[in-house]
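Visitor: In case you want the letters, here they are:
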Amino acid sequence: MRCDHDRARIALLLDGELPAPERDAVTRQASDCADCRRYQSELLALRGQLRRARATPSPALADRLRLRLDYEAAEMAAGPARPVTPGRRAAQLLDRLEPYWRAYGRQAAAVLAACLLSVAATLWWVGQNAGPGPDQAHDVLAAHVRSLLQDNSVQVASLDTHTVKPWFAGRLDYTPVVKDLAADGFKLEGGRLDYVDGRRVAALVYLRRLHRISLFIWPAEGPETAPQRAKIDGYNLISWRKAGMRFWAISDLDETELGQLPELL
Amino acid sequence: MDPGTAALRDFERQALAHMDAAYNLAFWLVRERADAEDVVQDAYLRAFRAFATVTGDDIKPWLLTIVRNVAYRWLSVRKRRTNVIPLDSVLPNADRDEAGPVFEIASDAPSAEDMLLGRADQALVHRALDRLPPAFRETIILREMEELSYRDIARITEAPIGTVMSRLARARDQLKEELTELIAKETRNAL
Numbered sequence: 001m002r003c004d005h006d007r008a009r010i011a012l013l014l015d016g017e018l019p020a021p022e023r024d025a026v027t028r029q030a031s032d033c034a035d036c037r038r039y040q041s042e043l044l045a046l047r048g049q050l051r052r053a054r055a056t057p058s059p060a061l062a063d064r065l066r067l068r069l070d071y072e073a074a075e076m077a078a079g080p081a082r083p084v085t086p087g088r089r090a091a092q093l094l095d096r097l098e099p100y101w102r103a104y105g106r107q108a109a110a111v112l113a114a115c116l117l118s119v120a121a122t123l124w125w126v127g128q129n130a131g132p133g134p135d136q137a138h139d140v141l142a143a144h145v146r147s148l149l150q151d152n153s154v155q156v157a158s159l160d161t162h163t164v165k166p167w168f169a170g171r172l173d174y175t176p177v178v179k180d181l182a183a184d185g186f187k188l189e190g191g192r193l194d195y196v197d198g199r200r201v202a203a204l205v206y207l208r209r210l211h212r213i214s215l216f217i218w219p220a221e222g223p224e225t226a227p228q229r230a231k232i233d234g235y236n237l238i239s240w241r242k243a244g245m246r247f248w249a250i251s252d253l254d255e256t257e258l259g260q261l262p263e264l265l
Numbered sequence: 266m267d268p269g270t271a272a273l274r275d276f277e278r279q280a281l282a283h284m285d286a287a288y289n290l291a292f293w294l295v296r297e298r299a300d301a302e303d304v305v306q307d308a309y310l311r312a313f314r315a316f317a318t319v320t321g322d323d324i325k326p327w328l329l330t331i332v333r334n335v336a337y338r339w340l341s342v343r344k345r346r347t348n349v350i351p352l353d354s355v356l357p358n359a360d361r362d363e364a365g366p367v368f369e370i371a372s373d374a375p376s377a378e379d380m381l382l383g384r385a386d387q388a389l390v391h392r393a394l395d396r397l398p399p400a401f402r403e404t405i406i407l408r409e410m411e412e413l414s415y416r417d418i419a420r421i422t423e424a425p426i427g428t429v430m431s432r433l434a435r436a437r438d439q440l441k442e443e444l445t446e447l448i449a450k451e452t453r454n455a456l
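Chains as they are written, first to last, in my numbering: chain A, 1 to 265; chain B, 266 to 456.
Bound-form chain A, shown alone (with noise of 0.2 Å):
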């Protein structure tokens, strides 16, 4: 065997890639020559330990996936246009703001430069200050209560981790962490989408037994930190921060139970 040359030709013939004028000559070759036959067998039993390797998905992904494209025709045939994103409404106002711009271009930026600073400067100092502060836990506690107090805590109700977590798909710029702890007494109810500290964030609802855990997650930058308790208007509030995301968890449920969960999670 011409070695590189007649092996790649082999393979191009395996591959049905091989132009129609060549593939008898190869064909001969590959069963002629001894070595040819040796390369030519050890690619199809190589093809065929691939084939069976092919991994099959669990049979419910099918009704999974029909019932997510249900739910986003829906969404899109009730809206039909998407929600106007910051982006396109920061877009639309720049186009307005247009002969301004030319007129009192240098002005604006100069000004506006000043003002970010400032506002950089602001928040800066502030977050030097603040840890997850009282602010965060008055949200988290404003935001469960209202989920208590509504008819419905949950918008996507489902026991499955992999109905809840692609539900975040498109509605949060990030995935928030969807563990099943049925096995550790906690059972997943749902998710819902909240506003804590002044961004939309991802809530998963939780029972045990008959108390309800709101857990709220959003990507937080900095090292991990042990869970901080709290106790406001009898509920019991924990804060830790993992894996770069901040997590809230509050319940009525006892202090003590609910202090599982961030070894859990």
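Since the hints were derived computationally from the structure, they do not count as laboratory data. Don't be surprised by glycine CBs; every beta carbon is placed ideally from N, CA and C. Just so you know, not all the hints are guaranteed correct.
Stretches of chain A that chain B covers, calculated by requiring three or more beta carbons in the stretch to come under 8 Å of a beta carbon on chain B [to be verified]:
| # | stretch |
| --- | --- |
| 1 | 8 to 16 |
| 2 | 39 to 52 |
| 3 | 55 to 61 |
| 4 | 64 to 78 |
| 5 | 166 to 174 |
Fit chain B to the supplied structure of chain A, relying on the hints for placement.
Guide: Here is chain B on its own, set in the frame of chain A:
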């Protein structure tokens, strides 16, 4: 039937036919059953939203391109969020349920007696595949498991056809080498 529902049915009819292929590619990229299913769901939603813009009869390459992109994004997020788990610690028995019978003889392998490759345990095949660099792995998976043409593979992996061919050749050589080595080790241990 309103146009929205018609579009949905049309998408489902065309896209669900390729669900196994989508899952297989996702699985071999993210190496996690649950994550692979999430990747497929995410990719199908994106595909559905963009479905109106697709032209051509065969949506498989287009769909797999989206699956691949979502899978790689998923991997980079996972890497950022968690410490990377060394592959070898999860591999050897992780997919036992999928592994075929031990020492099965490949049906389409001629002269099987001198063909060690055809008799490898599926767990070894999985391990050998895992040792491939991702670019080689995705190329050989698209060719051997999904039976796509070089042109489609080039499109999905965003590489020139020449690169696809050389990756394929190197993936095959490396797989053969790894498998032979793993089998030899296994046989030695058995003795």
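Visitor: Decide, hint by hint, whether the structure agrees.
Guide: Against the structure, the hints:
1. 8 to 16: It holds: at least three residues are needed, and the stretch 8 to 16 of chain A offers 4 whose Cβ sits within less than 8 Å of chain B.
2. 39 to 52: holds (count 12)
3. 55 to 61: holds (count 5)
4. 64 to 78: holds (count 10)
5. 166 to 174: holds (count 3)
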